[in-house]
Amino acid sequence: MSHSALPVATTHRTAWLRRFSRFCRKQPLGAVALLLLALMLAAAVFGPQLAPHDPLATRFDAVLQSPGAQHWMGTDSYGRDVFSRIVYGTRSALLLGISTALMGACIGGGIGATSAYFGGRVDAAIQRINDILLSIPLIVAALVVVAVLGRREMAGVDVNLMAAITLPYIPVMARVMRSAAMPIRQLPYIEAARALGFSHWRIITRHMLPNLISPWLVMVSAFTAQTILLEASLSFLGVGVHEPTPAWGLMLSSVSVDVFTNAPWVILFPGLAISVTVFSFSLLGDALRDALDPRNHL
Amino acid sequence: MITLLVKRSLQFVFTLWAVATLIFFMLRVLPGDPIEFKYLSEGGSVAAEQLQAQKARFGYDRPVHEQYIRWVGGLTRMDLGISVWSENPITEEIRSRFGITFQLAVVALFIGLLLAIPLGVASALTRGTWLDQLIRVSTVSGQSIPSFWMAMLVILALLSTTGWIPSIQEARFTEQPMEYLAQLFFPALVVGWRLSAVNARLLRSSLLDVLGQDYVRTAHAKGVPGSRVIWRHALGNALLPTVTVVGIEFAGLLGGLVVTEQVFNINGIGRLLIQAISYNDLALIQGLVMLFSLIFVTVNFAVDIVYALLDPRVRVH
Numbered sequence: 001m002s003h004s005a006l007p008v009a010t011t012h013r014t015a016w017l018r019r020f021s022r023f024c025r026k027q028p029l030g031a032v033a034l035l036l037l038a039l040m041l042a043a044a045v046f047g048p049q050l051a052p053h054d055p056l057a058t059r060f061d062a063v064l065q066s067p068g069a070q071h072w073m074g075t076d077s078y079g080r081d082v083f084s085r086i087v088y089g090t091r092s093a094l095l096l097g098i099s100t101a102l103m104g105a106c107i108g109g110g111i112g113a114t115s116a117y118f119g120g121r122v123d124a125a126i127q128r129i130n131d132i133l134l135s136i137p138l139i140v141a142a143l144v145v146v147a148v149l150g151r152r153e154m155a156g157v158d159v160n161l162m163a164a165i166t167l168p169y170i171p172v173m174a175r176v177m178r179s180a181a182m183p184i185r186q187l188p189y190i191e192a193a194r195a196l197g198f199s200h201w202r203i204i205t206r207h208m209l210p211n212l213i214s215p216w217l218v219m220v221s222a223f224t225a226q227t228i229l230l231e232a233s234l235s236f237l238g239v240g241v242h243e244p245t246p247a248w249g250l251m252l253s254s255v256s257v258d259v260f261t262n263a264p265w266v267i268l269f270p271g272l273a274i275s276v277t278v279f280s281f282s283l284l285g286d287a288l289r290d291a292l293d294p295r296n297h298l
Numbered sequence: 001m002i003t004l005l006v007k008r009s010l011q012f013v014f015t016l017w018a019v020a021t022l023i024f025f026m027l028r029v030l031p032g033d034p035i036e037f038k039y040l041s042e043g044g045s046v047a048a049e050q051l052q053a054q055k056a057r058f059g060y061d062r063p064v065h066e067q068y069i070r071w072v073g074g075l076t077r078m079d080l081g082i083s084v085w086s087e088n089p090i091t092e093e094i095r096s097r098f099g100i101t102f103q104l105a106v107v108a109l110f111i112g113l114l115l116a117i118p119l120g121v122a123s124a125l126t127r128g129t130w131l132d133q134l135i136r137v138s139t140v141s142g143q144s145i146p147s148f149w150m151a152m153l154v155i156l157a158l159l160s161t162t163g164w165i166p167s168i169q170e171a172r173f174t175e176q177p178m179e180y181l182a183q184l185f186f187p188a189l190v191v192g193w194r195l196s197a198v199n200a201r202l203l204r205s206s207l208l209d210v211l212g213q214d215y216v217r218t219a220h221a222k223g224v225p226g227s228r229v230i231w232r233h234a235l236g237n238a239l240l241p242t243v244t245v246v247g248i249e250f251a252g253l254l255g256g257l258v259v260t261e262q263v264f265n266i267n268g269i270g271r272l273l274i275q276a277i278s279y280n281d282l283a284l285i286q287g288l289v290m291l292f293s294l295i296f297v298t299v300n301f302a303v304d305i306v307y308a309l310l311d312p313r314v315r316v317h
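Protein sequences appear in the order of chains A and B. Under this note's numbering, the first sequence has 85 at position 85, and the numbering climbs by one with no breaks. Under this note's numbering, the second sequence has 7 at position 7, and the numbering climbs by one with no breaks.
It is worth saying that the hints were derived from the structure and are not from the lab. All values reported here derive from a predicted model rather than from experimental measurement. We treat Cβ as the ideally placed atom computed from N, Cα and C, and that holds for glycine. Treat the hints with care, as some may be off.
With the Cβ distance kept under 8 Å, some of the chain A side facing chain B (calculated, not the full set) [what the hints assert, rightly or not]:
id, residue
1, I132
2, I139
3, A225
4, V278
Please work from the sequences and hints to get the whole structure.
Right, dumping it as structure tokens:
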């Protein structure tokens with residue numbers, strides 16, 4: 001009886017907290033990743049308060065200064081403060097990374113679940129199309145889409161760059177979600193839903209997709225890592241985020257060997273920022289996979 | 001086996017045709033014409049008739065469906081058309097740069113597997129210990145470090161310790177084999193490192209599966225030494241899934257080369273693609289995407305056949 005006396009909200013919250021602390025205990029690496037990501041999110045939100053300098057301000061009397069009290073991570077060949085640029089770069093990295101991963105995962109997940117649900121010819125057709133799209137390397141596909149679409153800024157975000165990163169991910173996600181959905185489509189509750197005469201749409205969206213949330217979460221986390229890497233590569237190649245927007249890949253782009261052998265901080269810190277972010281998302285994905293795998297609870 | 005071969009060959013041809021069609025129509029949406037880009041982008045003024053003549057020369061004045069038929073028809077004769085930028089046949093452009101990229105890919109693949117096997121075996125055997133965790137962290141970080149940054153760090157380290165960086169296409173294998181391998185080694189290491197991270201993790205899980213099977217227990221029970229059980233009995237079977245993934249990962253490897261070639265100043269097909277995109281050279285972009293997809297599809301075709309030869313169960317289905 002004492003159970004029902006507790007307010008529902010409290011039990012929910014304690015259950016959630018208990019699961020969270022269990023996750024941290026069982027997956028220490030995942031907890032570390034979460035902490036790092038929380039720090040980065042804070043850097044993205046409080047960028048203007050954190051950055052000691054204007055990330056765009058060029059100062060030709062302070063070019064390639066080594067790290068010190070004035071510039072914690074030194075300055076680049078335009079005299080811009082590297083630390084401030086990295087702090088501001090967190091925004092575009094997280095924004096592009098998370099939004100493209102979410103979009104790709106939603107569309108791809110829908111296609112994958114649909115493919116598995118219908119099976120037979122629909123499935124075969126979707127899988128053939130997937131095979132074709134997957135035969136073009138990710139970065140090559142992204143490069144071509146960027147070339148085709150050009151640039152289109154909306155509210156300070158290059159939407160075409162977003163599309164170039166999202167589109168190649170859809171077939172990858174569809175493939176993964178299909179294999180996760182295959183065992184579910186044969187479970188009795190799907191059969192029951194069909195017997196009740198529900199529409200295909202309703203069965204897919206209300207019965208299948210909610211049960212695919214664990215593999216989906218894992219993939220979103222892993223994909224965010226991949227998209228941040230892809231965006232950095234595109235910016236590095238000069239077709240991603242454009243100057244003067246501070247972006248990590250762009251900071252590494254067109255730095256000549258002469259410059260970075262004399263002023264290694266110009267490349268060290270942005271590269272480290274990319275690596276740590278990608279690392280955290282991959283590690284989180286890994287930890288989520290282990291934590292959400294029902295086999296590990298037995 | 002014959003049915004499998006025929007079925008896969010048909011799929012092979014179909015996939016290539018579909019990629020050819022997809023890339024052709026995607027690029028026709030591109031605003032701007034490669035001819036106009038070439039002659040008008042530097043602020044020059046060229047007479048309209050001359051532009052028209054150039055368009056006619058490269059076939060860009062024809063209706064889209066005629067261009068498409070010419071493109072697919074050319075593909076069957078291994079003719080990819082002519083690059084507007086360099087005015088050379090695209091097959092020539094590719095031929096002169098393919099060698100170096102191919103050599104890099106092979107060395108990278110070799111390095112990737114060479115690193116993956118000991119790492120994967122070690123982490124499977126020490127499952128749950130600090131060594132396993134350490135390998136896990138290092139393989140995840142291997143996948144997290146962008147290859148262009150890794151390449152820059154390698155150059156930085158080489159220059160500050162030895163004052164030397166590999167300059168490609170100086171030494172030939174037949175004349176100076178050691179120098180030849182030295183110049184390929186570092187770019188290939190950057191690409192291969194990523195591949196090894198993926199494969200080591202896969203090998204770990206498949207080896208753990210295999211080690212739990214009856215025949216491994218039987219081998220242990222009849223007194224076969226532990227190391228022999230792993231290397232002779234278990235590893236062969238555990239490597240099978242890795243073979244498949246190498247096929248899929250090959251696309252990633254090619255993508256890695258696109259970026260790595262840029263940093264090491266290697267004049268391979270990856271660099272050519274970046275140039276083609278910056279010059280808006282439609283035919284060249286088309287040809288290169290076809291090439292990437294051809295390599296990928298061929299590798300996976302080969303993997304499927306090898307797989308069928310290695311695993312009798314696949315042949316039956």
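Checked hints:
1. I132: Holds, because the Cβ-Cβ distance from A:I132 to chain B comes to roughly 4 Å (cut-off 8 Å).
2. I139: holds (4 Å)
3. A225: At about 7 Å, which falls below the 8 Å cut-off, the nearest Cβ of chain B leaves the hint on A:A225 intact, so it holds.
4. V278: holds (4 Å)
Comparing the model with each earlier hint shows no violations; every hint is respected.
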